[in-house]
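Engineer: Here the protein sequences come in this chain order: R and U. Just so we're aligned, residue 0 is where the first sequence starts under numbering that gives the first Met the number 0, counting upward by one. Just so we're aligned, residue 0 is where the second sequence starts under numbering that gives the first Met the number 0, counting upward by one.
Rather than coming from a laboratory, the hints here were simulated on the basis of the structure. In this text, all values refer to a predicted model and were calculated from it rather than measured experimentally. We put the beta carbon where it would ideally sit given N, CA and C, even for glycine. A portion of the hints provided could be inaccurate.
[Unchecked claim] Chain U is faced by these chain R residues, among others (derived, beta-carbon under 7 Å): (1) 5; (2) 11; (3) 12; (4) 14; (5) 17; (6) 19; (7) 22; (8) 34; (9) 72; (10) 74; (11) 77; (12) 79.
[As the list claims (entries may be wrong)] Label pairs and their in silico Cβ distance ranges: (13) U:105 to R:12: 52 to 62 Å; (14) U:181 to R:41: 21 to 31 Å; (15) U:80 to R:38: 19 to 29 Å; (16) R:3 to U:76: 26 to 36 Å; (17) U:107 to R:32: 40 to 50 Å; (18) R:71 to U:88: 11 to 21 Å; (19) U:80 to R:61: 25 to 35 Å; (20) U:88 to R:76: 41 to 51 Å; (21) U:213 to R:71: 18 to 28 Å; (22) U:88 to R:48: 22 to 32 Å; (23) R:22 to U:31: 45 to 55 Å; (24) R:61 to U:88: 34 to 44 Å; (25) U:149 to R:16: 19 to 29 Å.
Listed below are the residues making up each chain.
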Amino acid sequence: MSTRELGCEEVIERLFDYLDRELGAQQAEDIERHLARCRDCFSRAQFERRLRAMVEASGTVTAPPRLHRRIRHLLDQFDSDETGAIP
Amino acid sequence: MSLASSPTPFPTWQPCPPRRGDSGAAMRHRDSAGQRQWFEERLEPLMDRLYGTALRLARHPDDAEDIVAEAVGQAWRRLDTLRDPRRFEAWLFHILTNTFISEWRRRRSHPQDTPEGHDTDHLEATEFTLFQQLHQPFLLWWGSLEEQFFNSVLEEELQAALDALPDPFRLVIVLVEVQGYRYEEVSRLLGIPLGTVRSRLNRARGLLQKALWQQARDAGITSGHQGEGGP
């Protein structure tokens, strides 16, 4: 597939597909080429990337100590079930 | 996580073919202590992300803990099905996701119900972009309003905004943006068409950004398009 110059409207329309890695290599490259020369679209892409990074970071939360204990106990129980030993 | 730097190599064992009627536990010939150590060494660094992901999916801390515990239990029981130890993390998170989805489906009385037909501000949510509110195109550098926004949004506020999204929208945005699933994978996981994944994701983002915009305004950040104020 040959490269083609994209307009801003098309880039913005496909921006989330691009950020979500849903585009093929050539399409992604076309968008990256546009972002390299268009300050407005680049700003938009950077903004959405940054917001997305925050959303991704929301998926990391300190696990409470009782969850750690619960899992240790769970694994101990499995082990004792298998060996017949009392944990 | 690199296995090359791990002190405990992936334990080798001889998985026996399952016999009918057998739970599988007695069939495993394995170095239990070594396997447990291997498992726990890889599990420990993932705990915060397992819990956080479960929390974004389930919203409630108690439910999140239940999901993580169930998922870890399943992973431990099924560890001998993991052929490539380098895939442990992806494999474990997949178990976590499936555990949540099974429970979610079980709890929902009408699994096919979607809010698409009931959302009265559908168009408004999909057309709204936070960037448009904050961006000041006349500036030569990244606008200070955008910077103010990112400085003002607290982790807890973002989490609350995500948690407030209706289930079908929250799930797709968590699966895509938190867990990194592709649209097709989400379509399979949730049993919905690819087009529905896209439209829900679009709406989820619109709703999330609207909520964050409201928080930004509450924090005193005004639109970059209002008056001559500027930064």
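Engineer: Now tell me, hint by hint, if it's right for this structure.
Structural biologist: Okay, the hints, checked on the actual structure:
no. : hint                      : verdict
1   : 5                         : violated, 18 Å
2   : 11                        : violated, 9 Å
3   : 12                        : violated, 11 Å
4   : 14                        : violated, 10 Å
5   : 17                        : violated, 13 Å
6   : 19                        : holds, 6 Å
7   : 22                        : violated, 11 Å
8   : 34                        : violated, 14 Å
9   : 72                        : violated, 9 Å
10  : 74                        : holds, 6 Å
11  : 77                        : holds, 6 Å
12  : 79                        : violated, 11 Å
13  : U:105 to R:12: 52 to 62 Å : violated, 38 Å
14  : U:181 to R:41: 21 to 31 Å : holds, 25 Å
15  : U:80 to R:38: 19 to 29 Å  : violated, 50 Å
16  : R:3 to U:76: 26 to 36 Å   : violated, 52 Å
17  : U:107 to R:32: 40 to 50 Å : holds, 45 Å
18  : R:71 to U:88: 11 to 21 Å  : holds, 20 Å
19  : U:80 to R:61: 25 to 35 Å  : holds, 30 Å
20  : U:88 to R:76: 41 to 51 Å  : violated, 24 Å
21  : U:213 to R:71: 18 to 28 Å : violated, 42 Å
22  : U:88 to R:48: 22 to 32 Å  : holds, 23 Å
23  : R:22 to U:31: 45 to 55 Å  : holds, 46 Å
24  : R:61 to U:88: 34 to 44 Å  : violated, 18 Å
25  : U:149 to R:16: 19 to 29 Å : holds, 24 Å
Checked against the numbered hints above, the structure breaks hints 1, 2, 3, 4, 5, 7, 8, 9, 12, 13, 15, 16, 20, 21 and 24 and satisfies the rest.
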